[in-house]
Amino acid sequence: MKAKTETTPMIRVDRRLWTGPALSRLIVYALDVAHLVLAPEPVVDYERTALFKEKARVSLDDGQYLVELPRKVYNFYHLNEADYTVMASEIRPRTIEILL
Numbered sequence: 000m001k002a003k004t005e006t007t008p009m010i011r012v013d014r015r016l017w018t019g020p021a022l023s024r025l026i027v028y029a030l031d032v033a034h035l036v037l038a039p040e041p042v043v044d045y046e047r048t049a050l051f052k053e054k055a056r057v058s059l060d061d062g063q064y065l066v067e068l069p070r071k072v073y074n075f076y077h078l079n080e081a082d083y084t085v086m087a088s089e090i091r092p093r094t095i096e097i098l099l
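Read left to right, the sequence shown gives residues 0 to 99 (numbering that gives the first Met the number 0).
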């Protein structure tokens, strides 16, 4: 019987994408099957329209934020096997968007 190995449910975000105060926690909004939004503060529109909302811990490592996503979010979006783009939102409120 093989031991099950699981990847850490983590994504990396370049520190240069975020110009606000240092991040330690983020709210994860699942907007649809191809779009996640990370926000340091609640976003009124997303509070009403998101499929679900979770919290994520953030740490800083070598110029990158390591965002530890809840396992169910990581698995639902297959982030261990999917290609995705991480970008900063150009509109307010300031958020980090993940496009799958």
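Hint data in this document are derived by calculation from the structure and do not stem from the laboratory. The C-beta atom is built at its ideal place from N, Cα and C for all residues, glycine as well. Heads up, some of the hints might be wrong.
Unchecked claim - Listed next, with one range per pair, are the computed distances between beta-carbon atoms:
hint: 1; residue 1: Asn79; residue 2: Asp13; range: 27 to 33 Å
hint: 2; residue 1: Arg47; residue 2: Glu80; range: 16 to 22 Å
hint: 3; residue 1: Leu59; residue 2: Asp31; range: 25 to 31 Å
hint: 4; residue 1: Asp61; residue 2: Met86; range: 17 to 23 Å
hint: 5; residue 1: Asp44; residue 2: Gly19; range: 28 to 34 Å
hint: 6; residue 1: Asp61; residue 2: Val32; range: 28 to 34 Å
hint: 7; residue 1: Met86; residue 2: Leu50; range: 19 to 25 Å
hint: 8; residue 1: Gly62; residue 2: Val32; range: 19 to 25 Å
hint: 9; residue 1: Arg56; residue 2: Ala87; range: 26 to 32 Å
hint: 10; residue 1: Asp61; residue 2: Gly19; range: 25 to 31 Å
hint: 11; residue 1: Val43; residue 2: Gly19; range: 16 to 22 Å
To see whether the hints hold, each was checked on the structure:
no.: 1; hint: Asn79 / Asp13: 27 to 33 Å; in the structure: violated, 20 Å
no.: 2; hint: Arg47 / Glu80: 16 to 22 Å; in the structure: violated, 31 Å
no.: 3; hint: Leu59 / Asp31: 25 to 31 Å; in the structure: holds, 29 Å
no.: 4; hint: Asp61 / Met86: 17 to 23 Å; in the structure: holds, 20 Å
no.: 5; hint: Asp44 / Gly19: 28 to 34 Å; in the structure: violated, 19 Å
no.: 6; hint: Asp61 / Val32: 28 to 34 Å; in the structure: holds, 32 Å
no.: 7; hint: Met86 / Leu50: 19 to 25 Å; in the structure: holds, 20 Å
no.: 8; hint: Gly62 / Val32: 19 to 25 Å; in the structure: violated, 31 Å
no.: 9; hint: Arg56 / Ala87: 26 to 32 Å; in the structure: violated, 20 Å
no.: 10; hint: Asp61 / Gly19: 25 to 31 Å; in the structure: violated, 20 Å
no.: 11; hint: Val43 / Gly19: 16 to 22 Å; in the structure: holds, 18 Å
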